[in-house]
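Engineer: Here is what each chain is made of, one letter per residue.
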Amino acid sequence: MSDVELDPVIHSQARLRVVAALAQFHRGDAIAFTKLQEVLGMTAGNLSTHLRKLEEAGYVDITKSFHGRSPVTHLSLTSRGRLAFEEYAAAVTKILGGSS
Amino acid sequence: MTHSPDTPSSAPEPDDLTPLDAEDATLDVEAALGIISAQRAAVRDTVEPDTRLLFATWGLAWLVGNLLLFVTARESTMLTPAGWSFAIYYVLLAVAVAVTIVHTVQRSRGVVGPSGRSGAMFGWAWTISFVGVFLTMTGLMEAGASPQVINLGWSALSCLLVGILYLAGGAMWQSTVLYALGGWIVVVAGASTLAGLPGSFLVMALAGGGGLLVGALASHVREYRRA
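Those protein sequence lines, which keep their order, are chains B and E. Residues 351 to 450 in the working numbering are what the first sequence lists, from first letter to last. Residues 15 to 241 in the working numbering are what the second sequence lists, from first letter to last.
Mixed in with the good hints there might be a few duds.
Said to hold, decoys possible - Facing chain E, according to a computed beta carbon distance under 10 Å, are these residues of chain B, among others:
1) S362
2) Q363
3) L366
4) A371
5) H376
6) G378
7) A382
8) F383
9) K385
10) V389
11) H424
12) F435
13) A439
14) A441
15) T443
Said to hold, decoys possible - Straight-line alpha carbon distances no greater than 25 Å define the calculated SDA-like cross-link-like pairs of lysine to any residue that follow:
16) K414(B) - G133(E)
17) K414(B) - A382(B)
18) K444(B) - I49(E)
19) K414(B) - G130(E)
20) K444(B) - D357(B)
By construction, these hints were calculated from the structure, which means they are not laboratory data. Keep in mind that this is a model prediction, so the values were computed, not measured. Yeah, the Cβ is synthetic: ideal placement off N, Cα and C, and Gly gets one too.
My request is simple: use the sequences and hints to build the entire structure.
Structural biologist: Okay, structure coming up:
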């Protein structure tokens, strides 16, 4: 069909959703875990699993801090992650444009 | 929307990408593009304030409140609205302020960084500006302005401020609807003052409140087309 390579880390239903959602925020913004969960409608366990994989790939930055006494996890796309998503989106668009 | 089968809490993690992604083998590019635009909408719906709700709330408060002021002012020999109509107007405005604060705080909760800061600065701009209006009007009252001038002044300055802040918000968030509405409200502020009492209240009700309701409708149509 095409020789365009799709990034295997992003080319997964769940992780694409996570990365696409994070890419909507401005560079430098970080989103609370619970807020991202609300956006995506994923279970905490499922979301954590995929976030760990994205962190291992260097696409997502995970910071843990304390808000009063309760721990809060904030997430953001790294520059590398943002670039990977943009390239992925461009590749997908190119494939669809080329195959029609 | 399909989720990977998962066990929350502390299930052992599969180390390679395969087991969790069994369902993803079938993810085709068309579906991928659909997922990307769906997430764009999901983030918007969870994080950005719903302008339809805000415009409709303020539109109704302005429309109903100013209509009451107009009707009671027309019946008064001094062209001054009745005290009870002012009371209702202020209650309506207080409700609109409460709805705005609760809604925007709820939507912006959980996002930290530059856009959260811009949002907070924009929120404070309202408070700071209204303090300025309050002080200006107090000064004019002390300088001996007539009740007519005071009535026109409160209305026009508050309205002007809302319009200018909408213009600023529209520029900041690249929102054409917000910007257009801001421009319209600025013009309404001037027009209502030119109309004089009690017509100013009617201009504020129909053009101001009505304009906001048209804005709510325009937002709704945009939202509907996006979906």
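Engineer: For each hint, tell me whether it holds in the structure or not.
Structural biologist: Status of the hints after comparison with the structure:
1. S362: Nearest chain E Cβ about 4 Å off; hint holds.
2. Q363: holds, 5 Å
3. L366: holds, 5 Å
4. A371: holds, 4 Å
5. H376: holds, 5 Å
6. G378: Holds, about 5 Å.
7. A382: holds, 4 Å
8. F383: The hint holds - F383(B) has a Cβ within 10 Å of chain E, the shortest such distance being about 9 Å.
9. K385: holds, 3 Å
10. V389: Given a least distance of 5 Å, the restraint on V389(B) holds.
11. H424: Status holds, d = 6 Å.
12. F435: Interface hint status for F435(B): holds (9 Å vs cutoff 10 Å).
13. A439: holds, 6 Å
14. A441: With a minimum Cβ separation of about 8 Å from chain E (threshold 10 Å), the hint on A441(B) holds.
15. T443: Holds, about 7 Å.
16. K414(B) - G133(E): holds, 23 Å
17. K414(B) - A382(B): holds, 10 Å
18. K444(B) - I49(E): OK: K444(B) and I49(E) at ~16 Å, within 25 Å.
19. K414(B) - G130(E): It holds: about 18 Å lies between the C-alpha atoms, which stays within 25 Å.
20. K444(B) - D357(B): holds, 14 Å
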